[in-house]
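Going down the list, the protein sequences come from chains A and B.
Throughout the first sequence, residue numbering follows the numbering used here, covering 125 to 705 in sequence.
Throughout the second sequence, residue numbering follows the numbering used here, covering 125 to 705 in sequence.
Hints are computed from structural coordinates only; laboratory data are not their basis.
A portion of the hints provided could be inaccurate.
If several chains are the same, the list does not tell them apart, and a pair holds so long as it fits within one copy or across any two.
[Said to hold, decoys possible] In the BS3-like style, the derived pairs of lysine-lysine whose C-alpha atoms are separated by at most 25 Å in a straight line are:
#, residue 1, residue 2
1, K419, K674
2, K674, K520
3, K674, K385
4, K520, K660
5, K385, K326
6, K620, K419
7, K419, K130
8, K513, K674
Number of protein chains: 2
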Amino acid sequence: MGNASKYLPFLQWCRVYDGAALTGDLLAAVIVTIMLIPQSLAYAMLAGLPPEIGLYASILPLVAYAIFGTSRTLAVGPVAVVSLMTASAVGQIATQGTMGYIEASVAMALLSGAMLALMGVFRLGFLANFLSHPVISGFITASGLLIASGQVRHILGIAGGGNTLPDITISLGRQFSAANPATLAIGVGVLVFLVFARRYLKRVLVGVYVPVRAADMMAKAAPILAVALTIGLADTFDLGARGVALVGAVPSGLPALGFPKVSLDLLSALILPAFLISVVGFVETVSVAQTLASKRRQRIEPDQELIGLGAANIAAGLSSGYPVTGGFARSVVNFDAGAQTPAAGVFTAVGIALAALFLTPMLANLPQATLAATIIVAVLSLVDFGAIKRVFAYSKSDFAAMAATILVTLGWGVELGIVAGVLLSLGLHLYRTSRPHTAIVGQVPGTEHYRNVERHAVITQPDILSIRVDESLYFANSRYLEDRIAALVAERSDLKHIVLMCSAVNAIDASAFESLEEINHRLTDAGIGFHLSEVKGPVMDRLASTNFLKHLNGRVFLSQHEATTTLRRAILNPQDNGLTP
Amino acid sequence: MGNASKYLPFLQWCRVYDGAALTGDLLAAVIVTIMLIPQSLAYAMLAGLPPEIGLYASILPLVAYAIFGTSRTLAVGPVAVVSLMTASAVGQIATQGTMGYIEASVAMALLSGAMLALMGVFRLGFLANFLSHPVISGFITASGLLIASGQVRHILGIAGGGNTLPDITISLGRQFSAANPATLAIGVGVLVFLVFARRYLKRVLVGVYVPVRAADMMAKAAPILAVALTIGLADTFDLGARGVALVGAVPSGLPALGFPKVSLDLLSALILPAFLISVVGFVETVSVAQTLASKRRQRIEPDQELIGLGAANIAAGLSSGYPVTGGFARSVVNFDAGAQTPAAGVFTAVGIALAALFLTPMLANLPQATLAATIIVAVLSLVDFGAIKRVFAYSKSDFAAMAATILVTLGWGVELGIVAGVLLSLGLHLYRTSRPHTAIVGQVPGTEHYRNVERHAVITQPDILSIRVDESLYFANSRYLEDRIAALVAERSDLKHIVLMCSAVNAIDASAFESLEEINHRLTDAGIGFHLSEVKGPVMDRLASTNFLKHLNGRVFLSQHEATTTLRRAILNPQDNGLTP
C-alpha cells in the first residue's frame, strides 16, 4: 500500500474525500474551465496548431495528472512558453497548417511525456537544478517578449513570421502598410479591455458593491467575455468579409485516442527539443506546485511530479494534444477558488470536454486578433525587467548568464537561448569555485580566534603561515591551491611551517587529495612542515582511510589555535619533538 | 623592465649567468641530448612521421621555451602521449607516409602553439584544471597501453594498424603468422636489454666500482647504445635483405624554416584535436615543472608556461616539427644532471642540431624494431595500475570518471576518451554538490557547540529546528534546500522556528538567494520564523546589499547558540518581542 500510494498519490486523498472537498473542487473547476477555454484556443494558435488541439490538451492530461501528480492544486494544460518552444521545434521539421506539423506536435507531447516519466522513475529530477534562477527568469522574460512580438501581426491583420526578434521585426516592418483596420480595431479593443480588466475591473466592481470574491472571479472571466463579444461583433458586422482573420470551422467532439505516427527520423529530430521542453516544463511545474503546497504546509515530491507531468504529456500524446505543463496563473486561480484536491482537475477536464462537444460551432467567427490580444496580455506578465535589475545588483556573474540567455533567446531562438544560459552558468560556477577565496589568517589578540589578516588586526608569525581555504577542495581548484602555496613559499625564505585551516572544506576529492600529497611532498623537499587544522568529521574519515596521515610530514590539529601554539613551542625547542621535518 | 621580464623570463636569469651555471647546464645538455636522440626518432615514428621530424621538433622549440618558459629545468620536445594524439588526429585527415600527413602534423604544432599562447595571454590556464587527476591518470595509463600495443607490430615485423585496442588486437591476430624472425630477435633483444638497463644496470655498474653518478648516467644512455648496436648488427648481417624493416635514408641538415601550408578546411579539422593536445600537453608540462621547481623553492607561472609552451609549438610549426610538450623523464634527467637555467635547453638544441647535421646518414640501417622497443619500455612506465586501485579505494565517483576515461580511450580512441572523462567528472561533481550534506544540529550538553543529531548525543527542541548546510548555496543545490526545508516543515506540525546555520556556506549565488527569499516567503505563509546563524563576512556583505534582511521574517544571529537561546526565550514570552511572525 505504501508504495502504491507513493506512485499513485490519488490513493492518499480519494479515501478521505468528502462533501466539503467536493464543493471546493467543483467551484474551482467551473472558474478554471472558464479561464482555460480561451487560453487553450490561444496557446494552440501560438503553437501554430488548430484551436481544437488546445482543448484536447486540456482534457485527458488533467485526468492523468490528477492520478499521478503530488500537488493538490496544480492546474496543468497548454502554457505560453512551452507552446512557443513547440512551435519553434516543430517549425524546423514541418510546415504550419500541414498534417505533418500536427502529427509532430502530438509526437512531441508523447516523447516529452515518456522522457519526464523515465526521469521520474530514475529520480533524475535534480537535472532541473542546472537551470539557475537567473537563466530561467531571463529565458521566460525573453520568451514573453518573443511571444508578444510574434502576436503583433495578428493584431495588425498581416502575414509574417519568424522565430527570433530580428526576423519578427523585419517581417512586421515589411508588411506593416498592409494592416487591416477592422482587425486592428478588434485587436486593440480587446487589448485595452483585457488590460483594464486585469488592472481595474475588480476595483470598479467592488466600488459598485459587488462582493470582493465575486468581483475577483468576474475580472478573471474577462478573456471569455472578450471571446463572446468579438464573436458577436464578427457575426453582426460580417467581419470575415472585411478581411478580419477568423478562427474558422472547429470540429466538434472529443479527441480521437490513439498512438501518434512516429518515424525514427521524426523521433531523432524531436529528441533534443523534447528534452528542453520537458526540463523547462518541469521547472515551471515544480516551482508553482512548491509555492502553493507550502501555503497549506503540504508537500510535493519532485521526482513524483516528473511522473505526474510525464503521465499528463503521455495522455496529451495519446489524445491528439500537444505538450502541457503546470501553469502559474491557472494554478493560483484554482487554489484561490478553493480547490482541495486534484479532483478539481478532473472536473475541469469534464468542463473542457463539454466545451469541445458543444461550444466549438460558435468559435468559427472568433477573430484571431482576440486570441492574439489574450496571449499578449497573458505573456507580458512573464516579462520581469525588475528581476534583471535585481540580479545585476546582486551578482555580476549571474547577470552575465542571464543576459546571455536573454540575448541568445531573442536573437537565435528558444533552444539555443536556454542551452547558452545553462552552459554559461555552469562555466561561471566552475570558474568561481576553481579560484576559491583563500585567506592568510592570524590570531585575534587575546582570543583563540583566527581571522583573515586583510580584514582584521591580527598577530602572525614569520615562520608559521596559516592559510584558510573557503571552498571544498576538488579537481577544478586543487591545482590552484598547489600554485598558491608554491607562490607563498617562494616569497618567504624563513618559513618553517604551513598550516592549512580546513574549517570551510566540506569535501576533498581524489584530485585534491593527490594535490595535498603533492604539496606535502614538495614542502618536505623544501624542509617545511605541512599541517592541517579544523578538519571536518567526514573529511577526516576519508583521509584516515588512506596513507596520507602517515605521509604527512606534520600533524592534524583539532583547532587552529592548538596548531599555532604547538608549532611555536616546537620552533623554540627543536630538540624535544619531531615536528620539524 | 618588470613587465618585460614577466613575459620574457630569460631576462631574469641571463643577467646573473655565471661559470657554475654554465658548467651545470653544459653537462646536463650532453646527457639530455644523448637521451633525446633515440626518443625523438622513436616518437616521430609513433606519430607516423619520418624520423627527422622528431629531431626537428627537438631544436628550435627548445630555444623558444628557454626564452618564454618559467621553469628553470623543464625539457621540452616530442613526448609519447602527444605523439599518439597527433597520430590519431592527423590519421583522420591524411594517410601516413604522404606529404599531406606531414603538413597536417606541422600545422597541428603551429595551431596548438597559437592556442596555447593565446590561452596564456588571456590567462586561461585554469581551463586545465577541469582535467581531474583521476581522468589524467586514467588517460595516460590507457594511452600507454594503446601505444605499447600499437608498437608490437614493429617488434613482430608485420603490417597492421588501428587506433583502438580492439582494432589493434584484431589486426595483430590476423597478421601474427607473418612475423619476421630476425625482426623479432632484434625487437625482443632490445626490449630485454632496455628493461635490464632500466632496472639493474646502475646497480651492476656500481657493483664493479663505477661511481654512482656515472653509473646512473650510463644507465640512462642505454637507449642510444641499443641504437648504435642494432645499427651495427643490421650493417654486419645485412638485416634489410632478411626482411627487417629499417628506418631508411634520413635527410641530413637543419629543418627548413617557413610557414606550413594551412587551408581553412585543414584548420577546422584540426581545431578540436589541437585544443585537446594543447590542454593535455599543458597539464603534463605544468605538473612536471611545478614538481621540479618546488624542489629548489623556485616558482613557475602557469599562465606564462602557456606562453612558453605555445612559443615552443609555434617554433615547431615554423621549423617542420610537430607538437611538443614538457617531458617528465627528460626533465628529471636534466634536473638531476645539474641543469641550472633554461640555457641547458639551448645547448641541448645545439646537440640535436649537430645530430641532424652529422649523424643522420648512420640512421639508415636502424631497425624500426629498436625504436619500437624504446617506445614500449618508455611508455610502460606511464601505466599506473596502482593509481586505479588507490582512486577506487578513495572515491567511487572519481573512480567512475577514471574507469570511463580508460575504457573510452582504449575502445574509441584518445579524443573521445579525454572528453568523456572531463564531462563525466564535471557531471559527477555537479551531482554531488547538487545534493549537499545537510545536518539537523542540536546543542552538545553543557557547551555552546552545536553538532549533527545523528553523530552526537545532543539536545534539540521540538519547536525550533536548526539545520546546517555543508556546502555553498548555488543554483544546482538551491532547489534541493527548498525541498529539504519543505519536507522537514511538513513532518513537524508544532514547528515555530527554523534556523539555517551557515558556517559552511562560502557563497550564495542569485539562485540560492532567491530560494532563501522563497523559503522565507513560504515559512512566513506557514507561520514559521526563519533565521540564519553564523553567516560569513563576505556572504553577509552580499545579503546586506539587498532587501533580504528587511524581508526576512526572523533574524540573523552571530552564533547558533545565541539563536537557540534567544528563540527559546521568545517562545516562552511571546509578548515582549517581535520574533514570532
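Hints and how they fare:
{"no.": "1", "hint": "K419 - K674", "verdict": "between (54 Å within a copy, 21 Å between copies)"}
{"no.": "2", "hint": "K674 - K520", "verdict": "between (44 Å within a copy, 22 Å between copies)"}
{"no.": "3", "hint": "K674 - K385", "verdict": "neither (66 Å within a copy, 56 Å between copies)"}
{"no.": "4", "hint": "K520 - K660", "verdict": "between (32 Å within a copy, 20 Å between copies)"}
{"no.": "5", "hint": "K385 - K326", "verdict": "neither (47 Å within a copy, 75 Å between copies)"}
{"no.": "6", "hint": "K620 - K419", "verdict": "between (59 Å within a copy, 15 Å between copies)"}
{"no.": "7", "hint": "K419 - K130", "verdict": "within (22 Å within a copy, 60 Å between copies)"}
{"no.": "8", "hint": "K513 - K674", "verdict": "between (53 Å within a copy, 18 Å between copies)"}
Hint compliance for this structure: hints 3, 5 are not met, and every other hint is.
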